[in-house]
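Chemist: Go ahead and model the full structure; you've got the sequences and the hints to work with.
Each protein sequence line maps, in turn, to chains A and B.
751 is the number that our numbering gives to position 85 of the first sequence; each next residue is one higher, with no gaps.
208 is the number that our numbering gives to position 45 of the second sequence; each next residue is one higher, with no gaps.
Simulated from the structure, these hints should not be mistaken for laboratory data.
Hints may be right or wrong, so weigh each one.
Just so you have them, the derived chain A footprint on chain B, three or more residues with Cβ under 8 Å [stated by the list, open to error]:
id : region
1  : 205-218
2  : 224-236
Derived DSS-like pairs: lysine-lysine, alpha-carbon spacing no greater than 30 Å straight-line [to be verified]:
id : chain 1 : residue 1 : chain 2 : residue 2
3  : A       : Lys765    : B       : Lys176
4  : A       : Lys773    : A       : Lys733
5  : A       : Lys773    : A       : Lys722
6  : A       : Lys733    : B       : Lys176
7  : A       : Lys773    : A       : Lys708
8  : A       : Lys765    : A       : Lys708
Since we're looking at a predicted model, the values are computed, not measured.
Even glycine gets a Cβ: it sits at the ideal position worked out from N, Cα and C.
As a plain string of letters, each chain reads:
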Amino acid sequence: QKEVEQNSGPLSVPEGAIASLNCTYSDRVSQSFFWYRQYSGKSPELIMSIYSNGDKEDGRFTAQLNKASQYVSLLIRDSQPSDSATYLCAVTPVGGYQKVTFGTGTKLQVIP
Amino acid sequence: ETGVTQSPTHLIKTRGQQVTLRCSSQSGHNTVSWYQQALGQGPQFIFQYYREEENGRGNFPPRFSGLQFPNYSSELNVNALELDDSALYLCASSLESMDPHPYFGPGTRLTVL
Chain A
667 QKEVEQNSGP LSVPEGAIAS LNCTYSDRVS QSFFWYRQYS GKSPELIMSI YSNGDKEDGR
727 FTAQLNKASQ YVSLLIRDSQ PSDSATYLCA VTPVGGYQKV TFGTGTKLQV IP
Chain B
164 ETGVTQSPTH LIKTRGQQVT LRCSSQSGHN TVSWYQQALG QGPQFIFQYY REEENGRGNF
224 PPRFSGLQFP NYSSELNVNA LELDDSALYL CASSLESMDP HPYFGPGTRL TVL
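Modeler: Now the structure itself:
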């Protein structure tokens, strides 16, 4: 079982719709959870972090965490063509050095 | 505040050669991590340096080695290059080893022929 699993996609949504990206992780004691956006040929850019169960909203982005189900999601409201990118889910362990473990990413395509 | 910078941006090497990649951390950051991202994959953790000491390593062979300098800049060295080493190499800096927010540089694209 992979440590962090994501559907590779592509996930296609029409402009203005809600895009829902999902991620599961295997290490029950994971502590910190992140969503990164990566445009083709560019490095990952942190867009959301979440540390406790529930929802966290930042503009058009909402991260949701359910530690009991080992599940993290990212909702993008009012999707724009500029949101088209690969979204990487990442987790870090409790304590020690901060090894960030990434999923393989979900490619999102927003259709104008 | 300056961000993380990496050099070179692109590099082509042949199998068996050695390569050195460089990274300058974001101002004030004393921790640097290196990641390898193969095409279509997520970044994979290579190792982390904190105050010039390696304090964590992923599943990479010893031919991947690194250094961190007193000014917190860093190098990644790869010996005996293999075709599978072709990837985007990402440097990330953070304020302390426990800072959960690595800030990535633009990366170095390495191609091994």
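Chemist: Among all the numbered hints in the text so far, which are the ones the structure does not match?
Modeler: Of the numbered hints, 2, 6 do not hold.
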